[in-house]
Amino acid sequence: MNKISRRRFLTTTAGLAGILASGIPPARGQQREISYLCWNNFAPASDKKLAAIGQRFTKDTGIKIRIDHIAHPQQAAKYASEVQTQAGHDLVEMRMHFPWLYEPQLVDLSDLVKELEKKHGPALSSARETAMVKGVWRAVPQYRTFFVACYREDLFKKAGLKVPDTWEDLYTAGKELKKMGHPVGIPIAQNYDTISTAGPVLWSLGGKEVEKDGKTVAIGGPQTVEMVEWYKKMYRDCMEPEVLSWTDASNNDSLVAGKAGWIHNPVSAYLTARNRKMETAAGINHHRSLAGPNGQRHETDVPRHIGIWKFSKNIEPAKEWIRYLLGRREVYDEYVMSGDAFNLPAYTSLVDHPVLKTDPKFAALRQEGVQFHCYGWPAPASDKIQLITNSFILPNMIAKAVTGTSTKEAIAWGANEMKRILAG
Amino acid sequence: MATADAGVIVAAPRPRFRLRLRLREWLNREEVLGPLFVTPALLLLLVLVAYPFCMAVYFSLSDAFIGRPSQFIGIRNFVNLWESDAFRQTFQNAFVFTSIAIAFKLVLGITLALLLNQQLWFKRWIRGAVLLPWVISTALSTLGWWWMFNSLYSVVNWTGIALELMDPPGPNWLGQKYYAMTAVIVVNIWRGLPFFAITILAGLMAIPKELYEAAEADGAGPVRRFWYITLPLLKPVLGIVILFSTIFTFSEFNIVYVLTNGGPINSTHLFATLARQVGLETGRIGEGAAISLYLFPVLMFVVWAQLKSVRKEVL
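Residue numbers (my numbering), protein chains in the order written: chain X, 1 to 424; chain Y, 1 to 315.
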């Protein structure tokens with residue numbers, strides 16, 4: 001056994017005491033570590049790719065990254081607890097109006113977005129609407145997931161039906177589809193998919209929920225009446241009552257299982273059928289989003305962003321990760337490709353991304369002439385607009401109307417509920 | 001060193017030993033040992049119950065928004081809530097849901113307990129199996145129920161149609177308000193029944209057999225024996241079971257969240273699910289806390305009344 005000299009003993013103990021007192025490890029033992037919380041992506045391959053990119057990031061930069069996943073319905077509760085306790089992950093994935101909700105707790109990332117915009121072009125308007133809060137980027141646009149018309153092309157061909165171009169065309173085709181036993185599947189329930197369809201229908205008729213000022217309720221005009229009446233006839237002639245009980249996944253299930261003939265959803269329904277080699281995959285295709293009577297086409301887009309909590313002790317390494325994932329074109333491309341067109345780039349120069357050429361059925365995702373918005377548009381994002389969305393006022397207003405309440409009463413109910421929220 | 005009278009030398013206690021002796025004497029005193037034993041439990045209660053409760057009360061009286069400074073606004077949240085149609089609907093749902101579910105759990109629980117109290121084959125196995133719904137994770141078992149009520153795959157409707165008890169496509173369980181309320185109540189009864197049955201069974205087993213033998217000798221039939229012996233002696237147990245179940249049922253969350261998310265048209269929302277929607281998903285924790293505390297005074301009264309009645313029965 002080697003003898004420890006008095007000198008060595010003294011230097012070691014003094015060093016240890018210093019580390020314990022200061023709480024800072026010596027440079028040799030220091031490893032920067034960041035943690036990133038994101039949702040369980042509906043395109044699971046992209047979560048695997050993210051993990052692989054994370055490992056490469058650690059190898060290249062020496063910054064260790066821990067990536068945690070959570071189901072999207074649990075995100076809000078988890079974020080609330082992290083903010084209240086001022087502890088948790090360094091980076092968080094954000095959707096809908098989250099950057100607005102957590103604004104005071106999020107680091108200003110404008111410099112980072114500026115860098116990315118230089119490389120990939122300006123961020124898309126839907127990303128800007130949701131992540132730029134009062135002129136400051138509170139989160140960095142990561143990717144977008146938008147809604148599109150998904151239909152059973154084989155059934156349309158078999159029945160000689162014209163692929164719809166307007167919401168009114170869909171009614172014509174929907175009547176035939178229902179007779180064939182393949183009804184239209186638009187949910188009218190307390191879920192986000194319902195709002196994702198009701199919004200574009202209302203917008204393409206020239207209507208909106210709340211005015212641009214974010215203070216005045218816009219529900220109640222002739223466009224709202226037109227929208228409700230359209231839903232009523234769709235429910236009666238083209239759909240089945242089951243849509244009143246649907247969750248966000250039910251329309252996917254219905255199309256993939258071979259029941260629904262037309263649904264409004266991101267490409268995930270087709271991807272599920274294709275990747276699981278289901279019989280229906282060959283017959284499913286997508287077409288351009290539907291127009292209103294004046295030719296306007298609007299679509300729901302729910303961009304995802306990455307934010308950094310202000311309480312993070314690793315803000316700079318966290319920024320490094322964002323630069324690595326989104327700033328390096330080859331890494332960003334690799335990540336987008338892994339998402340099979342479910343996660344599309346959120347920057348204008350990358351809109352026509354090579355991922356759209358990987359499957360002929362992604363052709364309609366180019367969506368020329370379609371305007372994309374997040375929930376509540378054109379009102380600026382805010383906690384009140386988020387509460388209107390989360391309270392499912394639009395879905396419940398429509399559900400009331402299709403189940404017997406008069407159009408006038410249903411709309412008055414919706415307008416009152418929105419007024420109460422905006423006044424509060 | 002001390003010297004005893006008989007010339008025997010006795011060692012005086014060493015200082016360390018003396019300290020231990022004094023500590024032991026001190027701990028032997030009731031006024032010291034009692035609080036000492038109670039303190040850990042008290043600390044746990046303070047940290048895990050009192051502190052969160054006080055915070056919730058404070059939030060409910062403020063305009064608290066997640067991550068932002070808040071201000072005291074008195075009972076404004078409670079007043080404003082009443083203007084919301086969704087809240088008024090939730091208020092009504094909570095009473096309908098709780099009263100129907102508890103009535104069924106009580107009747108079925110007594111019936112099941114009486115059955116389990118009989119001489120049965122595989123009695124232990126059956127008693128264990130009865131507890132399963134109570135033991136399984138609620139969110140997981142409710143997912144199973146969701147599949148059973150699902151419009152596309154409903155095994156309930158499939159069976160009903162196959163047995164010609166229903167016309168195709170069968171009830172839209174989760175899409176129509178009365179059916180949806182029925183569905184959430186059914187799952188709550190299924191989940192809560194074991195608690196009633198097993199607790200009542202424990203009460204039944206504690207009733208002396210001699211009372212039944214004496215009543216039988218006097219010519220009392222099964223109904224009279226139940227009415228005049230079983231039920232009166234079960235009252236304290238029933239009081240406690242109903243008390244706990246009222247609180248649990250009023251604050252139910254998982255079943256509604258998984259099965260209907262409060263729909264259709266808010267017809268199955270309960271205080272907990274609405275509080276989550278407003279408080280956590282939208283960040284308005286002040287309003288969310290007010291929703292969850294709305295019934296606190298009523299529940300306090302129920303607890304007081306029930307406990308008073310139980311105490312009276314026992315004495």
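If you're looking for bench data, these hints aren't it; they were derived computationally from the structure.
Beta carbons: idealized from backbone N, C-alpha and C, even for Gly.
Any given hint could turn out to be false.
Stated by the list, open to error - If you want the footprint, here are the derived chain Y segments under chain X, 3+ residues with CB under 8 Å:
1) 62–71
2) 170–176
3) 260–269
Query - Annotated coverage of the stretch 62–71 of chain Y by chain X, confirmed only when three residues or more have a Cβ within 8 Å - result: holds (count 4)
**Report entry** Coverage of the stretch 260–269 of chain Y by chain X, judged on three or more residues with CB within 8 Å
**Finding:** As far as the stretch 260–269 of chain Y goes, the hint holds, because 7 residues have Cβ atoms under 8 Å from chain X.
Query raised in the report: Are there three or more residues in the stretch 170–176 of chain Y whose C-beta lies closer than 8 Å to some C-beta of chain X?
Result: holds (count 5)
Comparing the model with each numbered hint stated earlier shows that all of them hold.
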